[in-house]
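Protein chains in written order, with UniProt numbering: chain R, 1 to 340; chain C, 1 to 766.
These aren't lab readings, by the way, just hints derived from the structure by calculation. Please note that the accuracy of each hint is not assured.
Cross-link-like lysine-lysine pairs, in silico, BS3-like; alpha carbons within 25 Å at most [said to hold, decoys possible]:
(1) C/Lys375 x R/Lys222
(2) C/Lys497 x R/Lys297
(3) C/Lys378 x R/Lys222
(4) R/Lys217 x C/Lys291
(5) C/Lys291 x C/Lys378
(6) R/Lys222 x C/Lys180
(7) R/Lys127 x R/Lys53
(8) C/Lys375 x R/Lys217
(9) C/Lys662 x R/Lys135
(10) C/Lys14 x R/Lys217
(11) C/Lys662 x R/Lys297
(12) C/Lys674 x R/Lys135
(13) C/Lys378 x R/Lys297
(14) R/Lys222 x C/Lys183
Short, incomplete list of chain R residues facing chain C, as computed with Cβ under 7 Å [unchecked claim]:
(15) Lys135
(16) Gly137
(17) Ile284
(18) Glu299
Between beta-carbon pairs, the in silico distance windows are [to be verified]:
(19) R/Pro188 x C/Ser299: 52 to 58 Å
(20) R/Ala41 x C/Arg712: 51 to 57 Å
(21) R/Leu205 x C/Ser299: 17 to 23 Å
(22) C/Gly185 x R/Gly260: 54 to 60 Å
(23) C/Ser186 x R/Gly200: 30 to 36 Å
On a predicted model such as this, the values are computed, not experimentally measured, just so you know. Glycine residues also receive a C-beta, built at the ideal position from the N, C-alpha and C atoms.
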Amino acid sequence: MRGLSRTTLFSVAAMLGLALLAIPSSISSSGLASAQPAGEALLAKKVARLSAKASANKGIISLDSSAFEDVMSKPRNYSVVVLFTAISPEFNCVPCLNFDPEYKLVASGWSKLADKSQLYFSVLDFKAGQEIFQKMGMNSAPSVLYFPATASQSTQDRYDFGRLGFQAEPFANWLNARAGTSIKVQRPIDYMDVCIKIIGTIACLFTVYQLFTKAGKILGSKYIWSAVSMFTIFIMISGHMWNQIRNPPYTAPGRDGRPGFIAQGFQNQFGLESQIVAVLYALICGSAIVLISVVPKIENPTQQRLVVWAAMCFFGFFFSVLIKFFQVKNPGYPFTLLFK
Amino acid sequence: MSVETTSTVARVLKPTILILIALVAISSRLFSIIRFESVIHEFDPWFNYRTTQHLVKNGFYDFWNWFDEKSWYPLGRVVGGTVYPGIMVTSAVIHNVLHFFNFPVDIRNVCVFLAPMFSGLTAFSAYLLTKELKDSSAGLLAAAFLGVAPGYISRSVAGSYDNEGIAIFLLVFTFYLWIKAVKTGSAYFGLLTALFYFYMVSAWGGYVFITNLVPLHAFTLLLMGRYSNRLYVSYSTFYAVGTLLSMQIPFVGFQPTRTSEHMAALGVFGLLQLYAFAELVRGHVTPKQFKTLLRAGVSAVAVIAVVGLTLLSFSGVIAPFTGRFYSLYDTGYAKIHIPIIASVSEHQPTAWTSFFFDLQMLIFLFPAGVYLCFKELKDEHVFIILYSVFASYFAGVMVRLMLTLTPVVCVSAAIAYSTLLDTYLEKSDHVLGTNLKPLTATNDSNGDASTDAKPTSNGTKKPHSSGKGNAKEAKATAAKADAVESKAQAKSTAAAKRYPVFNWDSRAMVILQLTWFLFMFAWHCTYVTSGSYSSPSIVLASRQQDGSQMIIDDFREAYYWLRKNTKEDAKVMSWWDYGYQMAGMANVTTLVDNNTWNNTHIATVGKAMATSEEVSYEVLRRHDVDYVLILFGGVIGYSGDDINKFLWMIRIAEGVYPNEVKETNFFTPRGEYKVDQDATPTMKNSLMYKMSYYRFAELYGGNAVDHVRQARMPSEGPKLSVLEEAYTTENWLVRIFKVKDLDVLGRSLFDATDFDKGKIRKTKKF
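Using the sequences provided together with the hints, build the complete structure.
What follows is the structure, given as structure tokens:
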């Protein structure tokens, strides 16, 4: 189960996998052995070239297939971090886009270091280096591999997005532990954002001050508090926190006759699903409240009868829907009300 | 029937109904005893049982000072200082009382039946609590609901000898006493609240819920302008006595003065004192002076409080929140920082299905009850509202906290249900006679209420303004009085505007349906209890294809084997889940157990399981391990086995030994967790994998299929060199391996194994 969820973690994984399968696996490790031990001069030249490339682009070297082979070729006295990604919009890889600025942040943190520890940051886009993706057996993006200086291409370290997340800080820590660097992530201060926040706070305080008496009335209002409490209870008892923690998709395409908004499995749910349940609870609870509070206020017997019947039918109907819903989730559940 | 006979009948009926409810509550928790036998369930109860045995055998002082060298080898554990002793002391007292009266009941039976017995008491306290909120008929409903609600049964079936079994009773009863104290303002009830709070502190870590909810209630009342001497007396008594008492529990110690979880209670206590002092001063000075004093006082206190708190928390005198509480507020915290908390299934968030499964129709009547509480909104209703909102949040974050939600759901649903019944069972003509008359009268007065109001207000205004020059003030007071008057009028007309339900068919419709829902609720509860919550989990039952029941008793088989076939001080390593059971049933020394206090030690065990034989052999030798015990469900399809828990072992081990254990190495390049042919080399070389699948292929003649992971296994299974198979139970559920001693000839164990198999070393020739 866990293994499965890991594979579906990245939206692009399946697509890339298919694309890779489609390409015939004819391209062997071609340019790998080309780098001959041509001595120190060659290495120094390469390092100079890489350093120039890196400093030209805020610390990141963009690669394509041949450049990748070149960077990886021996002799090599530096370590390389490669981000395998798919930025192009046609792949629709949301994690790639999310991670891209974070990666740049770490790279720029590295470029500010005095001791660069013979490390280079590079990016290989799927469009530019399909062959490499295939050769390395990459079938999900983004992936980050770390190639230490001493070892050959086969020993590599993969950054675990599933566990460590897409933030720059854990990634920097991960890298520091491997490369022996001390990269610190410094997020640029978004002055616009700060300004907006300050102005917003001042405006809020000002309005609160202006409306002080009214605000007191609002804060003291029983109805507002009851509405807020009831709303909180409804979303909590319909599994809102589960959604917060597990981040399920909002809905998914239905399969073999199952409606798309119901997740498979008893301990699993979609965003829409829990919202539907919250609405069902609210409807049933609402009809109970109508029966308790509204009905005794109706003077006209006929009207009253109508309301009672309507509310009770509502009650029964939605309760049946709820039980049916539950039965879909838990097929062994033996009780039903209206719907068999 | 006259009114007197009705009340006499009610007086007899109520206790009868309550006793019946208690009986139902107890008997619905006995499924597992009837199906299996009187046995302690699951994991934690085994530890509680073992300590209770120790307490009964050796007395209280010995129990208090008990250093248990049989767990957490080689560290050991100070038991007296690290347990909540409430449940053990309770059963020991019951045991001793029974023996005093010459009822020779075995301590095991006391332990097994403790939780059901206390559930009867819980139902009774739900009755008392609800009675304070509405009336006794709602109370009876609440008792019945709480007696059978699966959300509570889940932790209190017979044999589930755990803290929660008595703690929920204490929770509800303490809340009842608190409400009683606030209502009456008597120090007596405040003191009783504190005493039961102490009992609760001694019984369950969930006492923190009380420590925060009661102050929150007091604080909210203060904010609502409902400060009263009743509140002052009850809270001050409760806090002072309760805190002093709670510090007597060694496990709690000085926490109430130091940790942030307890700070809210202290803060509200201080606030109430200040408020009371301000009230006192107000009586002795002029309003103007008071205003100045108040301003100065409030700002001084605020500054001191903020500065003091910051200093104290930075200097470390006040400890930050503990991890478990962080994971309640910041839901992403546990996943990153404390895998050991995230790994426990009862710490997972709650899906909507669990709410419905545990509470069925109560779950949607519950908000209706909260709504009714808002309509009444006396001090005690404020408490129920706060309890509802916070408990539903916490229950959403952690499955386990459904337990604290269930009581308030039952109380609140009972209020809603009983109001429904009241409305639709009212005697119609009786109500018609009394209520319709004032109605016509008020209708008349309502029409000219606005015209009436003016002259009176003018009338009151005139003498004031003419008498004194202070016109402004008089105007204000007059307007205020006016407003109050009209408000009261509006209220009385609204109250008078209640009509009964006129038609019998609407009444019948509602009552019949509601009754039917009650039946459904009872069926649901029985179904859930019998199907899901009554499995002892140390004895499994499965249905065979012909419909007959098969009992799988592998756990006890294995533990019994360990008990009888190993030396007295044998050290057995296993994953921490089984630590308590092994100590309790097999009487062996364990390395880690369910009291997960030492993360490093657990990570070491994880490392031994997750690394190759060479590495783990060193770990095993260093910890004097004689046997390794694992669970393997591949033969019968038991999904809770160690291979499925393996990822957590790896994660926890990686947290401490990041260079030796790497989670990524256990996943195939495609990111899958595989055990068959495609498993990664690290996986195949790990001790856990080798132990689990050792000789598994042979069982099926090389054609083995793992029934849990639906994986076809390679025809040649893993080889073991540093361990040898000691025992495997009937269904292969538990496998025990003996750690080999060093080779007598000084060879490495790998060479020795090869030699025994008849293989000759090829590299060197003699």
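For which of the previously enumerated hints does the structure constitute a violation, in increasing order of number? 5, 10, 11, 15, 19, 23
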